[in-house]
Amino acid sequence: MREDKIEVAMGIDPREATLLTLVAMQLKSGKRPEEVLASVDFKDAHVQEIARGLAGDQSVSPSARREADRIAKWAGLPLASAG
Amino acid sequence: MPTAPPTRQTVADVLAFLGLGARPDPPRWPPDAFAAAVLLLQRSGAYRLAVDRWPPGSLAGWVSVIEDVGRRWRAASTDDAAPLPQEVLGWWRTLAASQGLGVDSLAQDRPAVEACLQLLAAADEASAGVGVLDPENPPDEFGQRAMGLLAADRDASTLCIEIEPSRALVLPKMHTPQVGMSIRSLSHHLAYCDAGDVCPRWDVAPKPLGARSLNLLVLPWPLEVVPRQFRESPGRLENMSQETFRFFTCEMPEAVGVERVRVLLENAERLVGRVDAIVFPELALRPDDCVRLAKSLQRVVIGGEGAPADPATRGAGSNAAVVAVPLGRDALATRQQKHHRWRLDERQIGQYGLGSQLHPEHAWWEYIELGARQIRFWCLDSWLAFCVLICEDLARQDPVAPVVRAIGPNLVITLVMDGPQLAGRWTARYATVLAEDPGASVLSLTSAGMVRLARVPGRAPSRAVALWKDGRGGAPREIDLEEGAEGIVLCLTRRMTTEWSADGRSDEEATGQLLLNGVHQVYPARAPRAEARQ
Chain A
7 MREDKIEVAM GIDPREATLL TLVAMQLKSG KRPEEVLASV DFKDAHVQEI
57 ARGLAGDQSV SPSARREADR IAKWAGLPLA SAG
Chain B
7 MPTAPPTRQT VADVLAFLGL GARPDPPRWP PDAFAAAVLL LQRSGAYRLA
57 VDRWPPGSLA GWVSVIEDVG RRWRAASTDD AAPLPQEVLG WWRTLAASQG
107 LGVDSLAQDR PAVEACLQLL AAADEASAGV GVLDPENPPD EFGQRAMGLL
157 AADRDASTLC IEIEPSRALV LPKMHTPQVG MSIRSLSHHL AYCDAGDVCP
207 RWDVAPKPLG ARSLNLLVLP WPLEVVPRQF RESPGRLENM SQETFRFFTC
257 EMPEAVGVER VRVLLENAER LVGRVDAIVF PELALRPDDC VRLAKSLQRV
307 VIGGEGAPAD PATRGAGSNA AVVAVPLGRD ALATRQQKHH RWRLDERQIG
357 QYGLGSQLHP EHAWWEYIEL GARQIRFWCL DSWLAFCVLI CEDLARQDPV
407 APVVRAIGPN LVITLVMDGP QLAGRWTARY ATVLAEDPGA SVLSLTSAGM
457 VRLARVPGRA PSRAVALWKD GRGGAPREID LEEGAEGIVL CLTRRMTTEW
507 SADGRSDEEA TGQLLLNGVH QVYPARAPRA EARQ
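Chains as they are written, first to last, in the working numbering: chain A, 7 to 89; chain B, 7 to 540.
Isolated chain A, as found in the complex:
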């Protein structure tokens, strides 16, 4: 669209957040977790880990699980920490 690229800030690209919201939406709509995770291409490893936690993966780090729980609670999804 344009030659000069938009400057980015330190931190995670917020598009990753929108993708995470998309994962929450797809899980809430009843899609299978593995199908959802396969359809989304995260660039940030930590956000991907949070998404895995949201999809019920128990092997994620505690910080990712906490964050996944917060999102799940709001979105009305099962908590990642519930096992």
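Using C-beta positions, here's what the derived DEER-type ranges look like:
no. : chain 1 : residue 1 : chain 2 : residue 2 : range
1   : A       : Ala-51    : B       : Asp-140   : 27 to 37 Å
2   : A       : Leu-85    : B       : Thr-504   : 30 to 40 Å
3   : A       : Ser-67    : B       : Pro-293   : 27 to 37 Å
4   : A       : Ser-67    : B       : Ser-70    : 44 to 54 Å
5   : A       : Ala-51    : B       : Pro-144   : 22 to 32 Å
6   : A       : Arg-72    : B       : Pro-89    : 39 to 49 Å
Keep in mind the hints are simulated off the structure, nothing from the lab.
All values reported here derive from a predicted model rather than from experimental measurement.
Just so you know, even glycine gets a beta-carbon here, dropped at the ideal spot from N, CA and C.
Given the structure of chain A, go ahead and fit chain B onto it with the hints provided.
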């Protein structure tokens, strides 16, 4: 050699411009059809006919029909095997039959105008709730596909599939103007934006507020600014008249400590229970401060970050608005550069007492880089989206004002480096414009240091570091920083209101309006309990 005479722009030309030319059937995806209808109605001026003779039937019939068509179109939009509603097919074919018509004659072709207005309204109804995650409503395929489009890796967001972003953009919308009559008056859920010199981005926080209020801790820092912090800077514009114009840059020496902010945050939460975001004025912070603070404090941080120009390299300084949203052990962040340089004139040099540094015989331009222009919209909840503007970007209407009015964020935060935020000054004037159309609430915030430095002729010294204006009417509210305080908590409460489109559709109380219902001073002293722990 004779040249061909200029030709009129036709309906076909407009559709071809969007990449939708010469097709008998409408786009399956409603935002694509919305863009076509909007562009035709806008270029022809025919949108005004929605308040001339409308609807084609009774109002109750119109609303229920268009809602029903919208629902069916939404369902069919994600299923290639499903037929599109007959109404949509009929309206598009009416339009296709008028392809040879000059756009300037469209308003005289009543069937074509009605087709456009109905396509626009049905596409808008089909897109209800787009761009947000609403826990009350299970997301359908349309909502999921729309969210995927918004997350696409490109500079500008768009909900379109068939229309390339260099041609036109369609984004989610939060406010429908309730005054005046423009093309924006016709939709609740979709905003049309010309592709051009500013890229709008729509980002969604995955961890929404989950509350009916928004508590902002505003820190009007630095608390002291002295003239020595303004200095002349060499620039790279060899063609600039040195007799008339010079460059200046600002040094903001005070580094912001996390612990200092943490104490104020704790004291603020003792007052109001919960702080959702911390806001700093223009150039209050150094690069990367917002992300550092957001990660440490686990709060949204919105602030002006900057760096002075470098005289050794003649490199320009930076001035940007950063929004950092904590996520796990990291933070999401957007950085939006200031679009316009501040120009200090003789009156302002006198007002801020800068004569020892910047001679009033010259006009002084702020020496900052002007990068690719972008405006970021953050959706924090199903009812709340905000954007940030930096000082001049509120006053200069181009290029962001049309985008802000189209999308209609619920909150516009303007970070300024300015004198007192008085109801009679410029920020109040421009805030009032946005409060009326699109209906946004507007907060402007400057530093206590700049307020103290300023002497507004004919006015007593003021302590007003912030100004609030909401769409409820009435005068803008000046917000003082009291002696000894270092921050203020603003309690913004949500009121759900009903907005109407010009074609008679209600959004059924789906619009969140932010109202200021609490102002509390925050002092730096640690609370006794915290001191006892040390």
